[in-house]
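There are 4 protein chains.
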Amino acid sequence: MTEKEFRTWAPSAPMGWNSWDCFGASVTEGEVKANADYLAKHLKQFGYQYVVVDIQWYEPQANSSVYHQFADLAMDDQGRLIPATNRFPSAAEGHGFGPLAQYVHDLGLKFGIHIMRGIPRQAVAQNVTTAGGYSARDIAANNICPWNSDMYGLDMSTPGAQAYYDSLMALYASWGVDFIKCDDIADSKLYGMHRSEIAALRSAIDKTGRPIVLSLSPGPADINYGAFLQEHANMWRLTDDFWDTWRQLKGMFPVAAKWAPMVRAGNWPDPDMLPLGAIRQRSVDGGTKLPHTRFTVPEQKTMLTLWSLLRAPFFLGGDLPQTGDELALITNQAVLGMRQDITEAHEEAATDTLVTWQAQSAAHHYTAYFNIGEDEITVQAPAAPASELWDGTALTPDQPLTVPVHGVVLIEQQ
Amino acid sequence: MTEKEFRTWAPSAPMGWNSWDCFGASVTEGEVKANADYLAKHLKQFGYQYVVVDIQWYEPQANSSVYHQFADLAMDDQGRLIPATNRFPSAAEGHGFGPLAQYVHDLGLKFGIHIMRGIPRQAVAQNVTTAGGYSARDIAANNICPWNSDMYGLDMSTPGAQAYYDSLMALYASWGVDFIKCDDIADSKLYGMHRSEIAALRSAIDKTGRPIVLSLSPGPADINYGAFLQEHANMWRLTDDFWDTWRQLKGMFPVAAKWAPMVRAGNWPDPDMLPLGAIRQRSVDGGTKLPHTRFTVPEQKTMLTLWSLLRAPFFLGGDLPQTGDELALITNQAVLGMRQDITEAHEEAATDTLVTWQAQSAAHHYTAYFNIGEDEITVQAPAAPASELWDGTALTPDQPLTVPVHGVVLIEQQ
Amino acid sequence: MTEKEFRTWAPSAPMGWNSWDCFGASVTEGEVKANADYLAKHLKQFGYQYVVVDIQWYEPQANSSVYHQFADLAMDDQGRLIPATNRFPSAAEGHGFGPLAQYVHDLGLKFGIHIMRGIPRQAVAQNVTTAGGYSARDIAANNICPWNSDMYGLDMSTPGAQAYYDSLMALYASWGVDFIKCDDIADSKLYGMHRSEIAALRSAIDKTGRPIVLSLSPGPADINYGAFLQEHANMWRLTDDFWDTWRQLKGMFPVAAKWAPMVRAGNWPDPDMLPLGAIRQRSVDGGTKLPHTRFTVPEQKTMLTLWSLLRAPFFLGGDLPQTGDELALITNQAVLGMRQDITEAHEEAATDTLVTWQAQSAAHHYTAYFNIGEDEITVQAPAAPASELWDGTALTPDQPLTVPVHGVVLIEQQ
Amino acid sequence: MTEKEFRTWAPSAPMGWNSWDCFGASVTEGEVKANADYLAKHLKQFGYQYVVVDIQWYEPQANSSVYHQFADLAMDDQGRLIPATNRFPSAAEGHGFGPLAQYVHDLGLKFGIHIMRGIPRQAVAQNVTTAGGYSARDIAANNICPWNSDMYGLDMSTPGAQAYYDSLMALYASWGVDFIKCDDIADSKLYGMHRSEIAALRSAIDKTGRPIVLSLSPGPADINYGAFLQEHANMWRLTDDFWDTWRQLKGMFPVAAKWAPMVRAGNWPDPDMLPLGAIRQRSVDGGTKLPHTRFTVPEQKTMLTLWSLLRAPFFLGGDLPQTGDELALITNQAVLGMRQDITEAHEEAATDTLVTWQAQSAAHHYTAYFNIGEDEITVQAPAAPASELWDGTALTPDQPLTVPVHGVVLIEQQ
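Chains as they are written, first to last, in our numbering: chain A, 683 to 1096; chain B, 683 to 1096; chain C, 683 to 1096; chain D, 683 to 1096.
Derived by calculation from the structure, the hints in this document are not laboratory data.
Heads up, a few of these hints could be off.
In silico DSBU-like cross-links for lysine-lysine, where the CA-CA straight-line distance does not exceed 30 Å [stated by the list, open to error]:
#, chain 1, residue 1, chain 2, residue 2
1, B, Lys871, C, Lys715
2, B, Lys932, B, Lys889
3, A, Lys715, A, Lys971
4, C, Lys871, C, Lys726
5, C, Lys871, A, Lys871
6, B, Lys871, D, Lys871
7, A, Lys932, C, Lys971
8, C, Lys686, C, Lys871
9, C, Lys932, A, Lys686
10, B, Lys686, A, Lys871
11, D, Lys932, B, Lys686
12, C, Lys871, D, Lys871
13, D, Lys686, D, Lys726
14, A, Lys686, A, Lys971
15, B, Lys932, D, Lys726
16, A, Lys889, A, Lys686
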């Protein structure tokens, strides 16, 4: 009863696929379906279930991860953004994402979309009448997102602002949306966290009666508001966009450490998507034009281990039909099992070269040794019976273990 | 030759009247003329010459100092704001401020207007074609003023942005504008100082061939860019808006002290308008509804003395036809003469209760004792012959002098 | 095993008495004993057990809460501070706090002391030889506490620094110390949190084999290091010193809300002592000379409710033999029971006038309505059976409840 | 009369030699004399006249630029530091720097020393009686320098603190000191600028009757206190210590630009010593062990040009008897003449690769083109008759001029 019901909607950290890392702002219906098909066939049995269409699905001209400043957007007569039908043909005739959500649901999966905080700039320019008979200019706030020109914020002190968010969530719920990633809200760069709009979204979703998981972006979210986030959202971003560079992966260690105490069922601090496999098919972000992840195999295991210890969301960023060797890593049952079962995890120690985490489940104790330096490190196996979790190899008591550069050794004990 | 020519356009600190403190965003042509008439008749001989129409002259519905969010504005087909003809009838038929400027010039005065940094939001919404054939959406920057929703900034890295500012200054020069107060540019609150746009304005004005004095707002301008400002503008604001409270006046002392070294001919650091007399006729700012200044006479003398020692601009804020007893103060020839003649002034000492400034002219040495505490203070007259400048009274050597609470004693020596 | 053992030493949040609020830096042995006697007789059965001697017990001349700059201190030949025997006669002949600790233990209570981070200034001046044969000047760091001149920090990169802390904890353990409040370490004002010294203290205490509870001061501790604190300390301060003003009590609400997720067994975020009863007997802090708390009864209940919901330490600040009406409040079994039993608590909502917290125990659900405004507020009792916890009165379903100004209504439901 | 007299003591920016860059904290009397001899013989005629002994001359064991934490210092019975006689034999028998100053004066030069803000730590430990009968512990402030452990600050609100500074300056004046470089005062890292101690030094020097030039260190001084500095000191540092790296030299451009308006006779913003020639003879700073400057010839000319345009102090950092090819640069009469004669200089324009300064003297106009990029740049000579100042070559009107990488072309026009 005191428990927030929305936390039960994501009892374990969500897993799935998100279109941003591979297609930027430009994913199409066909690509979404192809990724959903792959997810259903190869990954669903491991817990992956969300298919999320990221930003600009309402912009007809979107063609990469570069935003078109002041672009015209697809919008209904209440100022709500709707899918661009040139990119999402099934959305024609006012169907919105209903047909695509149905396709995803029929695969036994869940469907998610990205939204930007606020009301479209063009709704304000046209001064459309919004839900409840308010006018866009009266409910809009004179604040913007600094990196995307599509929206104005909403002034939650005006009566129509909540009505607008309510109408937005009602529309998206009517389509069958299961997951909302709201952007420009957890750390808005110019204004910090938009708490009044987060609270408004929470309220609007709860009113729909549909268990829509709420994810907040971008980071870094301010941990001074960690308790607030726990009361209002299922996921929130811990850093700005994460890409496949060692510098960023290394930088995630202290961030994960500090947020670990805030993890609990239904509240999943989010270190962002997993930039694995065939990312950057049309996205041009990440500082390179390479169409595949630059992470080495040790780095991939490091990332997946850290995310698992944090019990973080697993959203795959690559084009799934092109999945390669990383398949074995993202479906490692032992590691996924640890991620599921641990109830406490924390950074035990950290030097410039070695970071140690520990965690506990009902049955096991886990220790991860991360080599964040540039030379191999040797650590020692426990005196008691143990195994290395990624490989499943049994360890001899006290045996020396080599931790490769940027890699990890993950030990499970009884 | 190395000297910036624009500095010769304001060889002494500008004096005049500005519509903001009395009429907020809503001044009308009739009110401007009435104030110009008064200025010409009663104040011109003391050096007052600028008549400045402050913000929102392009907004038909403006009626106080409260901004109407996302309001429709009067604009020409190149995206340049023009006077609202319901408020400025002489601007009809495309005359802009030409006729009003002519009226002011005929009085032997100069005419100024306020502008906001950037390009109107509605020019971007309509995507108008701007000077040189560019489109508004291509030259606009996705940045805004946080306290007024009328504009977007300009992206000076795009080729059409300078062309737009050039076209704007050309239009305003064609009207006969002598003074531009550009707002949201010296301290934009969200983004700091917009230096590239300041440089663009400097360039645009210089191209007009008309000696338009450039004043930058709001403050606090960052003194780390004081040298930059000296190279680009005639005036810049030292604080946010100044109103008639002792707290603000007291707060100006350290600010004036720190900027004093940056004063030189053509460069006039600006502590803002003088909120004297019949201010707040329709402006609702300043934290009160009182239609006259709350400054006591000692405070008025303190303000005028500090502004004079700083050689600061004197822009009267009250409705001039209602000028009362303050007339004697703002026309005190001795004080105005000191302001004109001193070439160095500085804060000599400052305690919690007493601030001392000194200054030097070719003929005289000046000392001001400001009582910033809440009890009368006694200071001593110089040993040498001297007089109190406000009263013109001769002082006996070493005589005790009472400095009233919040007041000043201003001493002139040979 | 993964669990930090030190957390088991404080399985519930410590309760007791601390000498600071009443005696400042000047408490004497007799006063400590008198307070311990009272605690044993009247409060032990409610869970109060710690008797803590606060700062400057090593300074012979200490006589209030004002520090004597560069004072001479009682110190042993290894540079460790020892009790001033003029104030603590039983410490003579090298007994340290052993006899006083024994006295407290004999009452069935526990004994605690305050220490300052680092090594005494005078040990550095004399360059004493510290534990392990190091010299004070080699292990000291050139950093200080800005509000107390007694110490230098320790340079944990030098080999002798840990040895010094080990020797310090060994000495204090040998006296029978059960609780250490280390100051100038959680927020050192000049340098932020001294994490390497916190880790050194953790290690030094663990080596003693004695379960000494570790409390870190002053605040505000930075929640970005909340996870670090959970791994190293039992208590840490959330704000700077807390006194009996409504401004400070009101300010604790958002702080408590943000730290609530970090509370767990053995980790007790600390909003500071309870300034109740006969405080300021010789302390001159808190902004008044009044020798009793200024908190009204509603404010006292508000404070105790908020501290209880946060499951915070309860350290009484007043001279206990002078305890008055507050006795009923600090021994309210129902409230203390809630504090003991709840496993989750959070701020549910907050406006400018009303703050609502909720919590849950195995058997009950709790709601607290805090009136932080200046007018009475009426809230509604639950529809289900409930009672007001402070009074024990049964509530009629949906009955209106008056929350007094600065007061609280605390409701328990099945 | 209003003019501060101390400004007349340094009517042009001081030039000379300082021991820090070559000998760190460890210079000896012999080395000082050898450098003074060279200065007198080879550089005096170009305006170089100050010989300055930098930090730790009171520390017997000083042997490089590394400080010895908590070292014992040579001190008189009033707590004033005096020369270590093992390093400065002529200081024996209480002569202090008198004999060395006399030696320097006899060469027609001036003598300077470095001091640290405050009172020695060991004077506080010993609680010596200071001038006027105060005790060190009463006048000391509990604040320190974070990078040198020798001193405590002075609490200027205590009556004896000014007396101490007065006694210190009196002693140093009695030795014949002409120049004081006071450290840990202009930007104290922990506490910002120590304005009350700066004012105390100003007062103490003025009382001596000796025209001792006052230089404040380290930087960056805060330009918000630029006016204050003008009223109290002759020189103040603009950055932290400057060494022979392009990164630091490049970084000086915006700093010089912003301080240029604060330059006036007697007030000389200071970009620090010139790390030319045989620096690092025993100093181990600057990030290398190389015993000579790493600056290329173009970089040396860039540095000297920028310093000259700023009319900055010229203090040579190398061991003068080892002076090499840089002699021609530091004695270029045309450049030194420009430095002497210009009355206004400013940064005219700055891009990522090209910085342009302009200046004016009675007879000439100067333009400097600095290439701060990594490729050669071509600029154009003026249309009017002109010459390149470093080389003295006459320029053909409009001829193309190559600015070498990191170098400068400095043009003089009539």
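Numbers of unmet hints, in rising order: When the structure is compared with the hints, numbers 1, 2, 4, 7, 10, 14 and 15 turn out to be violated.
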